[in-house]
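**Student:** Spelled out from the first residue to the last, the chains are:
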Amino acid sequence: AQKITQTQPGMFVQEKEAVTLDCTYDTSDPSYGLFWYKQPSSGEMIFLIYQGSYDQQNATEGRYSLNFQKARKSANLVISASQLGDSAMYFCAMREGYTNAGKSTFGDGTTLTVKP
Amino acid sequence: GAVVSQHPSWVICKSGTSVKIECRSLDFQATTMFWYRQFPKQSLMLMATSNEGSKATYEQGVEKDKFLINHASLTLSTLTVTSAHPEDSSFYICSASTGTSNQPQHFGDGTRLSIL
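Chains as they are written, first to last, in our numbering: chain A, 58 to 173; chain B, 551 to 666.
Hint data in this document are derived by calculation from the structure and do not stem from the laboratory. Just so you know, even glycine gets a beta-carbon here, dropped at the ideal spot from N, CA and C. It is possible that part of the hints are untrue.
Within a straight-line C-alpha distance of at most 30 Å, the following computed DSBU-like cross-link-like pairs (lysine-lysine) qualify [unchecked claim]:
1. A:Lys160 - B:Lys564
2. A:Lys160 - A:Lys60
3. B:Lys570 - A:Lys73
4. B:Lys564 - B:Lys591
5. B:Lys570 - A:Lys130
6. B:Lys564 - A:Lys60
7. B:Lys605 - A:Lys130
8. A:Lys172 - A:Lys73
9. A:Lys172 - B:Lys605
10. B:Lys570 - B:Lys616
11. A:Lys172 - B:Lys564
To list a few chain A residues with every Cβ distance to chain B over 10 Å, as calculated [unchecked claim]:
12. Met102
13. Gly119
14. Thr168
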């Protein structure tokens, strides 16, 4: 079974509107971290936001927020006030356990297109 | 902080050539680095985990004799694609971890490899 599932291959949003990118995960480890990365067409991976499994509150970073529903094992990314520069591929990822040698598992990604 | 430099950005070479890609952590020590391969519009596929001073751990299906990984210091890991062929053409990207699972991976900007 896939550990990270992103069910939306592509999404469109109108500029200045909000958009939610879905991510569900599967793990039996009580300690894990969930991450969202942005990958523009130039290829670099940009870290956006982090949510820890023990965090009580949803993470927020500027226009990015994470809707963390632990019981449902979902960690959706919400981008508010979309901008043209938000057009990119977005990856949800998970790291399990405490060690820094822990691998990240990535979802298949969602391509977001912001329309002017 | 936590900058990872990857070189070269682009490589175009003839079939049969060996190509070396460098991944450097510029302002931190990375005991563990990861090498990924990515096809267009697809997710990152982990090829191997590179540990300083020891042999790399390759993922299932990745040819260790084809993709040689060396992590000779705490700031440098190299991936050598030996006797490259057109099917090795891809986007290769490295990352390094600075701490525990609540820390994001820090990615290089990637290398686009084209084998003619």
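**Student:** Look at each hint and say if it fits the structure.
**Tutor:** Hint check:
1. A:Lys160 - B:Lys564: violated, 33 Å
2. A:Lys160 - A:Lys60: Within the cut-off at roughly 12 Å; holds.
3. B:Lys570 - A:Lys73: Cα-Cα ~43 Å, so violated.
4. B:Lys564 - B:Lys591: holds, 25 Å
5. B:Lys570 - A:Lys130: Measuring from Cα to Cα gives roughly 40 Å; hence the hint is violated.
6. B:Lys564 - A:Lys60: Violated - the C-alpha atoms of Lys60 (chain A) and Lys564 (chain B) are around 38 Å apart, more than 30 Å.
7. B:Lys605 - A:Lys130: Violated, because 35 Å separates the two Cα atoms, which is more than 30 Å.
8. A:Lys172 - A:Lys73: holds, 9 Å
9. A:Lys172 - B:Lys605: violated, 47 Å
10. B:Lys570 - B:Lys616: holds, 12 Å
11. A:Lys172 - B:Lys564: Not OK: Lys172 (chain A) and Lys564 (chain B) at ~40 Å, beyond 30 Å, violated.
12. Met102: At roughly 4 Å from the nearest Cβ of chain B, Met102 (chain A) sits no farther out than 10 Å, so the non-interface label is violated.
13. Gly119: holds, 16 Å
14. Thr168: With a cut-off of 10 Å, Thr168 (chain A) comes too close to chain B, as the shortest Cβ separation is near 7 Å.
The structure fails to meet hints 1, 3, 5, 6, 7, 9, 11, 12, 14 from the earlier list, while all remaining hints are met.
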